[in-house]
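Two chains, two frames, some hints: make the complex.
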Amino acid sequence: MVNAWEVSGIVAVVAGVVGFFTVLRGSAFAAHAIPNGAFAGAAGAILVGGSTLLGLGVFALAGAMAIGLLGRRGRHDVATALALVSMLGLGALFLSFSDQYGSEVYTLLFGEILGIASNELAPTAVLGTLCILAITFLYRPLMLSSVLPDVGESRGVSPFAIEMVFLAVLALAAAMTVPVVGTLLFFSLAIGAPAAARSFTDRPLIAMALSAAIALLVVWLAIGASYQTDYPVGFFVGAGSAACYTLGRGFAHYHRLRVA
Amino acid sequence: MSERLAVKSLGFLFAAGFFGNQAVHIAIAIGGVVAIVAGVVGVFTVIRGQAFAGEAFGDIGTAGGSGAYLVGVGPLLGFVIGNVIGAGAMELIGVQRPRGRDLATGIVLGAAIGLGALFLYLTVTGSNTTGATQTILFGSIFEIASSTVPLTLVLGLIVLVTIAVLYRPLLLSSVSAEIAAARGIAVRTVGAFYLLALALTVALAAITIGTILSTALLVGPAAAALRLTKSTPRAMLYAAGIGIAAVWIGVVLAYDSDHWPPGGRTWPVSFFVVALVFCAYLLSGVPQAIHARRASARAER
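Chains as they are written, first to last, in this note's numbering: chain A, 1 to 260; chain B, 1 to 301.
Pulled out of the complex, with its shape left as it was, chain B reads as follows (with noise of 0.2 Å):
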């Protein structure tokens, strides 16, 4: 009897199909890791106060995407260059100045955008499709080709080993410079490599899940994560987990939501991910609120 009812409200959860669509197989395994890397990188993202940079980093992408398109290269390998020579400008300009980061950051995505804006325009009309707008710019979660898996696999294992072997120096110069400097830690080195770590991170993440989830993933969980835990591995730890939860609930949503209004369609991962992800920030903030009321409530006693 209980078995039976347990069935049926798996049948509510999950609708007819999930568990044998391959698209689905993908989706969950794909987004599982670019969850758990952005994740990772993430913290570091927000303690270093480089949200922009790797907002920035997903348009800079789009910019090398639309130019692969152009001489034939692969879509991937166009993120990867388009970022990495943007992680290499935005260096150069000078982003290890926490004045100057914004700025730089924002020159270099104002140029990767006219690029951008070039090579759309040289692809559209030279091979008319412009289905590639949209693919470049949203991507789906359900449309990565299984041949882009073993890549994406290998880039995640880049960075999380970037991020293994840099861990203790990124994090000292991260918190202070100042510390770091003085106890021979090369700041600007170790910041130029992490720069691009979050590059690779952000190309994998935008190239399989779209550049809207890549935000989300990298920032949202993280900063959530942060909010929940002072210690940093900890704070890993709960954005890749806020991160799987959000894409894995995500997609069940969007492969159930095919019945839902308006009809005859799905609606997108990437709304439901960004609305869950939104919720695990506010969420994680009640703690916070909790504590400091209970504290000043006890300084008034």
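If we strip away everything but chain A, and leave its shape as in the complex, we get (with noise of 0.2 Å):
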């Protein structure tokens, strides 16, 4: 239980640093389809008996490269849901090969935080910190790329690079986070969350920090809920993702009533 803790206040912070500049980017659809995608990677590592945490990142990062490469000559959204669905064919094809069908699959989607081993608490902690390191050092570049593409590209800031180290870092993220709270509770945190800090703030850092402390926020009531009445944590976690966002959006709304 203290893992679970532990584990998923990485997953949480990371969720919410990353998310912002997903948000800000408008890259949903990309961490949506990543660890989803991902997650065909982790079947193929099953049949082959390899590492789900190898499989799942080798997947990873394929596909954010796939989604870079192919969004350069096409429209970006396209590009996504085509790797998106190539991944997931793949991984209809090695589940079918494989025995091993029901429990892993659903453990994959949803996670299984409740049951983290202390022996996963060390990578996710790793590649966490690899996540941040790497926001932090780009973030200035980032910023420029995401907000004022034209002045960023003018100042020797390729967009296409940013993009491509942008869905690297989402990568990791979600090659770290899919084993231990699955791909569907990752997304809910990394939209929701900093959705809903920039409708309090319009100021970045402030708006991240912020975010971090949402999605941790809402992630460990949802473990709390969770222990308390037994249903997925994956449930608490998107209800109180959207009811944040809800918040938010009120917040804004009541704000901009006042000043005007």
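Keep in mind the hints are simulated off the structure, nothing from the lab.
Even for Gly, the Cβ is constructed at its ideal location relative to N, Cα and C.
Hints should not be assumed to be uniformly reliable.
What the hints assert, rightly or not - Now the stretches of chain B that chain A is said to cover, found in silico as 3 or more residues with beta-carbon under 8 Å:
hint: 1; region: 103-111
hint: 2; region: 277-289
To be verified - Calculated lysine to any residue pairs in the SDA-like style (CA-CA distance at most 25 Å, straight line):
hint: 3; chain 1: B; residue 1: Lys230; chain 2: A; residue 2: Arg73
hint: 4; chain 1: B; residue 1: Lys230; chain 2: B; residue 2: Leu282
hint: 5; chain 1: B; residue 1: Lys230; chain 2: A; residue 2: Leu69
hint: 6; chain 1: B; residue 1: Lys230; chain 2: B; residue 2: Ala145
hint: 7; chain 1: B; residue 1: Lys230; chain 2: A; residue 2: Arg75
hint: 8; chain 1: B; residue 1: Lys230; chain 2: A; residue 2: Gly74
Structure representation (structure tokens):
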């Protein structure tokens, strides 16, 4: 149970920080597609008896690169959709070859946060730190390229390079998250928390910190609620994220009315 | 002589029993219908940049479908209701602004996924049918009950009629919302009706052929078609054609794959169809690339 608090805390902070840029850049589809498609890598790893984390990582990264490369010359959402279905198609093939069907799929999709083993803490912590470090180093160019891509380009920040690097960070975050909390929980956190945070403040650093805090609060409350009621954590995270967003929108609306 | 050769090569293409199998008949028929509807609707999905919503409806509908298991309603109805509610919620948050679209879809998807987790949990612990999870998630074109065929056809027809009625205002407001608004088109209403048509299309596709193929057929053929032609009606025709070809070839290959390694089981149809759609998309870029190269060569001269 202690592991669940720690691991989910790391995941929440990473989701909140990476999610801030996801929302800012309008990359919600990629944030959905990469972890979902990476799940095919886990299915492949189960089939050949390899490490699930490695399978997830390889597929997440391959998917992210495919989205970036296909999106360079085509519509971005089309590229994302095609990369996603290609990975899922492979996943369906892997699953049809392997006999371990039911419970593992369910676990990968929804996570098994209350059953996190202590040896999962270290890889999560390492990958999570990597994600945060990457965002810290990239903060200025990433911010510039996300908000004012033209200005960024004139200052030598290539939008394509930034997109590829950001997608790689997203892939890293996905690979670390999926085995512990499932593909679905990460997505809810990475969209709901930053979207809510942005309605409360216009200042990017504060919004990012607030986003991480909201994500942390939602996850911990969800774990507590799940422990009490025995309902899945994913349900409480999804409901909590949506509730935070609604609250944020309500606040922004009220604020606008008062200013006007 | 040549006749025997033809029969032999046909036998090589179509494994024994292909034409006598009722599951194959239904797969070919429903797969074709879904490919047509998805192709037509998909052209607008790609033009309007709503591929994410198309993919999200697969998951939102899944939540509705698992909710339907709980209350004992048919899964198709659950999918449709789930998606209609989802479309309403997206519209409420504000999908009409391109910038807000991505976020609105994401928020609704996140909430729906959470609900889906709850419904699945209640279903699985309640009746102990783990099999339900996979059926909802992956679907199988070979396991379509013949009783769902009429309802599928009706839904498909409703979607096609909606698109036909909306065609002109929808096209104009998809290409330029400002011009459409200036001409007195209710851009938001048109967009909402389109979102509803998209929601129905995905419900129909996901329940029959699974969520993976629903996204693949909605986005892939239409995106390929739009790279081949500038004319929207022609793009719809191409998209439907590419979709039908992918589904039918996929069904044939899956039926044949019984004899392929590792043996004893067929490869999933979704794998073949996705691979074919992906190849079609990549190939559709070739004429454009050749054209661009010729143009740049001419410019150099």
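Status of each hint after checking the structure:
no.	hint	in the structure
1	103-111	holds (count 7)
2	277-289	holds (count 4)
3	B/Lys230 to A/Arg73	holds (17 Å)
4	B/Lys230 to B/Leu282	holds (18 Å)
5	B/Lys230 to A/Leu69	holds (24 Å)
6	B/Lys230 to B/Ala145	violated (39 Å)
7	B/Lys230 to A/Arg75	holds (15 Å)
8	B/Lys230 to A/Gly74	holds (15 Å)
Hint compliance for this structure: hint 6 is the single one not met.
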